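For chain C, the structure is supplied; the task is to place chains R, H and B on it using the hints.
Number of protein chains: 4
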Amino acid sequence: MGNTFGRLFRVTTFGESHGPVVGAVVDGCPPRIPLSEEDIQVDLDRRRPGREPLATPRSEEDRVRILSGVFEGRTLGTPILLQVENRDARPQDYEHLREVFRPSHGDFTWQARFGIRDHRGGGRASARETVGRVAAGAVARRLLDMVWGVEILAWVGQIHDLVARVDPEGLTREQVEATPVRCPDLKAAEEMQARIRQVREEGDSLGGVVEVLVRGLPAGWGAPVFGKLQADLGAALLGLPAARGFEIGSGFSAAGMRGSEHNDLFCWEDGRLQTRTNRSGGVQAGISNGEDLRARVAFKPVPTLGQPLEAVDHLGRPVLLQPGGRHDTCIAPRAVPVVEAMVALVLADHGLLRLALSPPAHS
Amino acid sequence: MGNTFGRLFRVTTFGESHGPVVGAVVDGCPPRIPLSEEDIQVDLDRRRPGREPLATPRSEEDRVRILSGVFEGRTLGTPILLQVENRDARPQDYEHLREVFRPSHGDFTWQARFGIRDHRGGGRASARETVGRVAAGAVARRLLDMVWGVEILAWVGQIHDLVARVDPEGLTREQVEATPVRCPDLKAAEEMQARIRQVREEGDSLGGVVEVLVRGLPAGWGAPVFGKLQADLGAALLGLPAARGFEIGSGFSAAGMRGSEHNDLFCWEDGRLQTRTNRSGGVQAGISNGEDLRARVAFKPVPTLGQPLEAVDHLGRPVLLQPGGRHDTCIAPRAVPVVEAMVALVLADHGLLRLALSPPAHS
Amino acid sequence: MGNTFGRLFRVTTFGESHGPVVGAVVDGCPPRIPLSEEDIQVDLDRRRPGREPLATPRSEEDRVRILSGVFEGRTLGTPILLQVENRDARPQDYEHLREVFRPSHGDFTWQARFGIRDHRGGGRASARETVGRVAAGAVARRLLDMVWGVEILAWVGQIHDLVARVDPEGLTREQVEATPVRCPDLKAAEEMQARIRQVREEGDSLGGVVEVLVRGLPAGWGAPVFGKLQADLGAALLGLPAARGFEIGSGFSAAGMRGSEHNDLFCWEDGRLQTRTNRSGGVQAGISNGEDLRARVAFKPVPTLGQPLEAVDHLGRPVLLQPGGRHDTCIAPRAVPVVEAMVALVLADHGLLRLALSPPAHS
Amino acid sequence: MGNTFGRLFRVTTFGESHGPVVGAVVDGCPPRIPLSEEDIQVDLDRRRPGREPLATPRSEEDRVRILSGVFEGRTLGTPILLQVENRDARPQDYEHLREVFRPSHGDFTWQARFGIRDHRGGGRASARETVGRVAAGAVARRLLDMVWGVEILAWVGQIHDLVARVDPEGLTREQVEATPVRCPDLKAAEEMQARIRQVREEGDSLGGVVEVLVRGLPAGWGAPVFGKLQADLGAALLGLPAARGFEIGSGFSAAGMRGSEHNDLFCWEDGRLQTRTNRSGGVQAGISNGEDLRARVAFKPVPTLGQPLEAVDHLGRPVLLQPGGRHDTCIAPRAVPVVEAMVALVLADHGLLRLALSPPAHS
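Chains as they are written, first to last, in our numbering: chain C, 1 to 363; chain R, 1001 to 1363; chain H, 2001 to 2363; chain B, 3001 to 3363.
The following block holds chain C by itself, in its conformation from the complex (with noise of 0.2 Å):
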């Protein structure tokens, strides 16, 4: 349990970090998408380290494989296995972490939880596993993309006390990935890869925030009370390794507000029904209203650090743990195309619900 997301386009990842693969199954994708290996390594990429700053030392060159479900470069409407194997385990690294638990990792609750684990390199909890995520996502944006017309976009909007400033009207991809730390506001993206730098030299690692917008999702997706858009958006991204808070929207800001301020007026616009403003974020009461789609996910500092890191062994005797093995300095920018996919498993789902569950044509 709790390795599968999703109602009707469903996705399962498998895999630990040091095991021989990781990757994703995903059963409920329509049959026909055009669908190449290529689709996928383009996301996949972008979610490897790599650049300075933020390079992590693990060099793995992530090659994925579609092994089923995809017939003559189209998908067949049957489970779709992608699969990317480990290249650059080295386990051998980890042994001296096996009966450690470390400071707000998983270690702990996961031996708790299961009274075992595999503790190279966090096993299922290292954010290796995001690998399958973001594989599966890219099948899902191709759906999105292909059949609605829906443009995913994320990007950094903060790192520690570094605020960017962001108009998304027209921000496009290239912008965003313009820079390491994929902040398309150039001024505090310098800033932010400064602070990050200095930051890394001190051993320490920081926080940040994720924004995602959605453009072209059109009015009346979403099921209200239980599978509304926020809440489904809320766990797919709450639940990527370090978030730690969502918002969709207005978010927290609003709990400030007044009503007279908060509410988005209608206008009617182009042909159709249109709101001045946007602090709904593109859903009111948990259906989209056609509107661009606004959330932000918040990310806790890494815990890894590259200074000496206070644990304890099972037995709750203190352990201190030398710097070493390979971390992010500040996991949000390559965190960025993971919440994409995120979004679009949500969207993707939600999608195929619309197709099932809507008035008859002819009602």
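Since the hints were derived computationally from the structure, they do not count as laboratory data. Model, not experiment: these values are computed from the prediction. One or more hints might be untrue.
Quick look at which bits of chain C chain H covers, simulated, 3 or more residues with Cβ under 8 Å [stated by the list, open to error]:
1. 26-40
2. 350-357
Covered by chain B, per the in silico footprint, the following chain H stretches (three or more residues, Cβ under 8 Å) [unchecked claim]:
3. 2001-2012
4. 2104-2113
5. 2122-2134
6. 2217-2229
7. 2254-2264
8. 2282-2294
All residues carry an ideal CB built from backbone N, CA and C; glycine is no exception.
Same frame as chain C, now just chains R, H and B:
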């Protein structure tokens, strides 16, 4: 779809605001749990409007009836039907809203989704739907209390820009219930009440934040990857009417921190591994660590105001709605028992999952 | 768990035989389907006992009420609560069964499963639970009829060793309903009625077979692998009280055949690909092929007899139960509308899945 | 949808007959269960074709690899990826079938469902898909054996009109495996083999029946109403390729019986409540009663013959297919381990459900 919550402890709510009944069916409650209508009524009574300055004119007695699944005072292990009659329904009051879309309500999106809606008091988009959640949550709470001794306590942490200072250590429900705003910081509570009165006179509404604390949660609850505690809690609470944001532990503030500040160091105390701080909010890698669980949910100001509302009709033509109908100035105080109920549903589900998917006794 | 049926068209039944109500919640019915209480009552009336020689003394009016999900005569797309009061409940009649396990009833297994049971009339193990199924099935049938023109017709094909000869070509519900045993082979029907009368006088009961036919089912419904039509139909019908066997098309007789005899050869007729024979029963590889769907379900003789019953108490001591209580001599005739209802639930679910997971229009 | 089986012990199979791999992901296996590739290989080897007179020319080694979820010989509680390469794939052999619909195959219905199909060897409609089921079933069996001591044993009970006489008392797997037809009635086995040889020479195929027995099943497994053991078993077994019918216990013969003949009377023996007869097949009211579980499944003759086959092309034009390709004359003997695997999946799921939804220890 979208009206059932949970994997093993499964709740389906039903009912429109001005239909004959609202309520819930609970499937998956273990057998032999003592349960009476009074156990449920207590929470429903807390959910009801009532005390100045928060009262809405609607006056429902909200008597719950258990119509199945309980026999001679104990659960049977069969579906528990919990039902409340809508006695104070006044559908005629809503005739003028039949073809009107109010701003930041579900009127328009609901119509876009279904092509039909019950316009009377928001139909199923009404906060009255939460009667079913609270009733089901009371069953979950009974189970959590009886089997694991888990206790859930929520309170209002913020209204508008008034932020309470609350020490959760030793906090009791009595302290929370001592004020109509359900804020245990008495000074803040007084200011909040004054603010609500004032804003209400101005015909406006206010947002707020509800905080929740879980005590006695064993370590090792939660599923990694897609069933993380914070993901399920986020989905549960973001699905409440007017919810806009969710945080676990340090939440959005974590984005502004360094790893060395944020890490919760372990200590061995009282015969078990504890953490000296609790920035994790009791959840690490999606699994409980035995500390208190801490989360917060932000509510927007209710969009129904005591002043004329600029709406549109179904053709997009402006309609000015005169104030009227029934609403709260700030939803947060009444959301307190609803938040508790949703947290109880999530935890009851994870408690049962823990029973099913644990290491076998003799392995 | 175990009280909900379906993936998209989801039905949860509730209620004990001698509790206040029985019924169902339907979640996942598309919006805007015309639906009245009368549409449902028709099928409930067919399920009711009544006509000699089949009558059981229990006399319930079984008036259904739609308590949510329908507005001004159309479905809202929200949960539809269908409820029937138990008016003729006589719990005191069952006091002597409180600690008794009757043979081939659910008394013992229910106790083993739950450690508690409602002993009154079988509690939830009673065939009275099927009231909820029939009510929900009526909604499914309305949907199937309105959107796809699918028609479902069941009848009694066998009672004891009396096997009917029925030509399904042109068979109508009127012909089925013409006799109390619901067997359209009038000669067999007469013999069956005589047999039932005789066996009833002897204080015994009889098994039987119900056959079902679906007309107008489009080709291409059903999911391969684990959601095959025959698997879902089998689960639906084997889950009925007293059901012991299920066949699709040629069924068990196929085990005795050669491939050259069994294959259904194609022919092109009336502008579509048809098969000359229909040993497949309308389903090939789990998916409908456009021919009539044909299935059969076997029911054991009801274990309650009109003669003393050798039971045991909860300590295993023999108890001789005097005849009494209310039961049918042969369940098959009253199972006819229940079989139709379950088939309708399966098909409504697959119809909606077909809408969700079809090749995109323009691919 | 439709490629996942189970509620808690969840299995998703993947793979096309002539794609790169087939296999399964198991999510929901408890942690710390000892598991090796060899445990799984044993069952896969039994599934493989091989021994005269049943061999199909396709010769796959079918080596399974465990690619995730197992660490140092024990399950982790994470998804277990079981993968088998398709080495003997000869896609070019199937080019002539690209636009042909063979009679009583899935060619036409699959095309009707998806608008696309992998025509090579049946694609995912091939019996090769059952490799994943058998692999996953081996994991389930390991769990059942280790935690509850449940044992599952299937055999061939009928081929064509040859019906075996088998006393399940004391029956062993060795006795079943003693003959290529997997029929422990040696006299019948010999006749069956002769019949298969003869019919194969005539270019024809045969149907058959597989019987299954479960020993050691505790009383109290199964969910009433929609999760009855016989309903879940029926769905599991009717979903196998070529399955046409399913019976539990007395099955269809119950339709011809009287209640006084059919009732299983209780007796107190060996310190527990038992039944003197077992017409219930170990299941009463959908819940196990502690007796041996008994079920049967009927398979049609495989539609691929060793003689020219009258097919049609996608325009409905007749095509005469010359014999060729790879097939079994009778599927029943090879279905034996597949039937066992599916029964294991159902029971593992119900075993875990039993753990989750039992009366609390101290109530």
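- Checking against the hints above, which ones are violated? Going through the list in order, the structure violates no hint and respects every one.
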